[in-house]
Amino acid sequence: MLYIVSLMDKSLKEALMKVMMSDFTPFPLDKSICTGWATNEPRGGRTILYTGCMYQVAPLSAIFDRFIPILSKNRLFYASLLNLAKKFHPDKAALDRSYKILRSISSLLKKNGINFGYMYEGEPYSGAFLLELGMLSDFERYATLVREKFKQQGVKRIITTDPHSHNALSRYSEFITFDIDVVNYMELLREVGIGKKGDFVIHDSCLYSRFLNKREVYRELLKKAGVSFKEDYMVTSKENSLCCGGPLSPIDERVSKRIGEYRANQLKKVSEKVIVQCPFCYVNLSPYVEAYDIAEVIDSE
Amino acid sequence: MNEIWNIAIDRAVNNNVPRVRSILESYPYINDARKKLRQGKTEVIKDISKYVELTIESVKRNGGNAYFARDAKEVREIVDKIVGDNQRIVMGKSMVAYECGVRDHLIERGKDVWETDLGEFLIQLSNEPPSHIIAPAIHMTKEQASKVVRKVNPDSKAESHEEIAVEARKFLREKFINAQVGITGANAIAADTGSVLLIENEGNIRMTTILPEKHIAIAGVEKILPTLEHAFLEVMVQSAYAGLYPPTYVNLTSGPSSTGDIEMKRVSPAHGPKEFNLILVDNGRIEVSKDPTIWESLLCIRCGRCHFHCPVYRVLGSTWGDPPFTGPMGAMWSYVSYKDATPSTYCVHSGGCREVCPMDINIPKVLEKLKSLSQK
Ligand code: SF4
Numbered sequence: 001m002l003y004i005v006s007l008m009d010k011s012l013k014e015a016l017m018k019v020m021m022s023d024f025t026p027f028p029l030d031k032s033i034c035t036g037w038a039t040n041e042p043r044g045g046r047t048i049l050y051t052g053c054m055y056q057v058a059p060l061s062a063i064f065d066r067f068i069p070i071l072s073k074n075r076l077f078y079a080s081l082l083n084l085a086k087k088f089h090p091d092k093a094a095l096d097r098s099y100k101i102l103r104s105i106s107s108l109l110k111k112n113g114i115n116f117g118y119m120y121e122g123e124p125y126s127g128a129f130l131l132e133l134g135m136l137s138d139f140e141r142y143a144t145l146v147r148e149k150f151k152q153q154g155v156k157r158i159i160t161t162d163p164h165s166h167n168a169l170s171r172y173s174e175f176i177t178f179d180i181d182v183v184n185y186m187e188l189l190r191e192v193g194i195g196k197k198g199d200f201v202i203h204d205s206c207l208y209s210r211f212l213n214k215r216e217v218y219r220e221l222l223k224k225a226g227v228s229f230k231e232d233y234m235v236t237s238k239e240n241s242l243c244c245g246g247p248l249s250p251i252d253e254r255v256s257k258r259i260g261e262y263r264a265n266q267l268k269k270v271s272e273k274v275i276v277q278c279p280f281c282y283v284n285l286s287p288y289v290e291a292y293d294i295a296e297v298i299d300s301e
Numbered sequence: 001m002n003e004i005w006n007i008a009i010d011r012a013v014n015n016n017v018p019r020v021r022s023i024l025e026s027y028p029y030i031n032d033a034r035k036k037l038r039q040g041k042t043e044v045i046k047d048i049s050k051y052v053e054l055t056i057e058s059v060k061r062n063g064g065n066a067y068f069a070r071d072a073k074e075v076r077e078i079v080d081k082i083v084g085d086n087q088r089i090v091m092g093k094s095m096v097a098y099e100c101g102v103r104d105h106l107i108e109r110g111k112d113v114w115e116t117d118l119g120e121f122l123i124q125l126s127n128e129p130p131s132h133i134i135a136p137a138i139h140m141t142k143e144q145a146s147k148v149v150r151k152v153n154p155d156s157k158a159e160s161h162e163e164i165a166v167e168a169r170k171f172l173r174e175k176f177i178n179a180q181v182g183i184t185g186a187n188a189i190a191a192d193t194g195s196v197l198l199i200e201n202e203g204n205i206r207m208t209t210i211l212p213e214k215h216i217a218i219a220g221v222e223k224i225l226p227t228l229e230h231a232f233l234e235v236m237v238q239s240a241y242a243g244l245y246p247p248t249y250v251n252l253t254s255g256p257s258s259t260g261d262i263e264m265k266r267v268s269p270a271h272g273p274k275e276f277n278l279i280l281v282d283n284g285r286i287e288v289s290k291d292p293t294i295w296e297s298l299l300c301i302r303c304g305r306c307h308f309h310c311p312v313y314r315v316l317g318s319t320w321g322d323p324p325f326t327g328p329m330g331a332m333w334s335y336v337s338y339k340d341a342t343p344s345t346y347c348v349h350s351g352g353c354r355e356v357c358p359m360d361i362n363i364p365k366v367l368e369k370l371k372s373l374s375q376k
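These protein sequences, in sequence, are chains A and B.
So for the first sequence, the UniProt record's numbering puts the first residue at 1; every next one is plus one.
So for the second sequence, the UniProt record's numbering puts the first residue at 1; every next one is plus one.
Read the hints as simulated data drawn from the structure, not as lab findings.
A few of these clues could be false.
[As the list claims (entries may be wrong)] FRET-style restraints, in silico, Cβ to Cβ:
#1 B:D360 - A:R66: 50 to 58 Å
#2 B:Q39 - A:N112: 56 to 64 Å
#3 B:K365 - A:D96: 35 to 43 Å
#4 B:S26 - A:K224: 30 to 38 Å
#5 A:E187 - B:D104: 52 to 60 Å
#6 B:T42 - A:K269: 34 to 42 Å
Just so you know, even glycine gets a beta-carbon here, dropped at the ideal spot from N, CA and C.
Extracted from the complex, chain A is given alone in its bound form (with noise of 0.2 Å):
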């Protein structure tokens, strides 16, 4: 079996990391694509409202995971390869969609009496996918920064709104110092709105659901808003449901789209409609369901 991670060489990771340290993006990336959600939301403050640029990316992931073997190719070009990943823009329907997503999380927490600000395009990245790809000394040396960006800005708590960065976040004090306190917007929430009618099986995020004890948490919030879900021991269970392929798109993306695959047809086989709680969850099994964010589903006005 060909193990395509190695095609990321060392040369390569630097200068990755070299973008990611200076414009702290998940990749080279425009960042008017990560704030462009937010109008008139207060800027910094001490509580955040952080979305990592997930699911502003998340649409685009694919591109950048297609443009990794290229690059490996090109060491030569890197710089102006590079450069070039930052004209890439993600399809109007699915920025859109996720922008809605965003808006419906901060009226959500509005609601529910919930101060925040955002940082705008000083909002750094988290690490996440350095974390997940096993970049531990990248993500320790990275996660030092962030920490200072937070600092400067007087941020003493984070609202989180995807797993991966939740978990990223979290884990901080694994590796350094860190005491600025990290929460989930579907902690937060007591008032939900009104749900979208249907009958839904969710697909769990692999890190709520078993790395960040947050099944219960949503599976409460879509009861309130009178969500109907089936459960499926084989599909659904805490043990038994699978990942949506997503983690290994950038390691070999063939192998991820069978997972997605895989799983959809799993999932079908409990309801057509299905409820993900983050947005790669949805880039992925979107291709073969009929996929709904939870945010998407507890505010369907």
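We have chain A already, so just place chain B with the ligand on it with the hints.
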């Protein structure tokens, strides 16, 4: 291959997963057993050299021979010495023997060697690597298996699961009876009594340990447990989590067969083997035992449960990992035994493996560390 694998793995998952669940519900004491077992295994892993010595002493006290092999080559050399000029060898599924290339080595030396576990027998005939740690032929549908058995009986009409099993039984009977050496692995080894425990359902291991004149058990040093009590817990826990509880047979061997029936003088052999040999294998385990994260991989009792709860294994099967090590445990063990960390890069940190592992091994954490090593 993909389509056949999809059918085979879905059948296996749908048979196995609900069965393990119902076993664990019906026999709640297994939950206490696994905790005590983890403690016992941890104690040994933290001090392997001491327990290797204790085990060797105990085996010798029972009149057996015990050896310590640093690597696969030493294992093969020791096996060669024990086998000597004997020709006929039967094997009862041993993953460590596979890891150390024992079967192929003996065949190369012109020996007549037969795997006797049905799954191993099928993959020996089809010349394929094992695809699951306890169900090595899991990738094979019954339709394929029925073709494979025709290699030993071209007239075979076996089609059903039962008929294929009967076909193998017919062929292997004669091999058992005439074998001079039987090679097995070990599920657990008790340091205090020098006993080797083996669980099985087919009866092939019992025959392999009893019928030939010489018995060789080959096992990794991590299979040692402090006491015979722990060793019994191991066989209970392993079989329950493999979905095969109660196991049909538990074989306990403490040295060669003997009798004291004539004037109370103890003589050997009686009906069973006249020689018992235990080979304790390091092959990378002791080095790993010192790593603050990866050491946990040595707690694995090879129940094979993590495989069924892993999305990557469900899709890739035996192509993920270095044989005989597949699935999440295989991504860890490819490193332990072959120092290959690359399989870990396919881990999607789904975490189902950790959820179901009886030894509570933090598999995603071990694989995260291995991913980092794979990049050095
Ligand atoms: S890692 Fe755990 S679940 Fe997997 S085979 Fe080993 S003991 Fe069983």
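| Which numbered hints are broken by the structure, listed smallest first? | 1, 2
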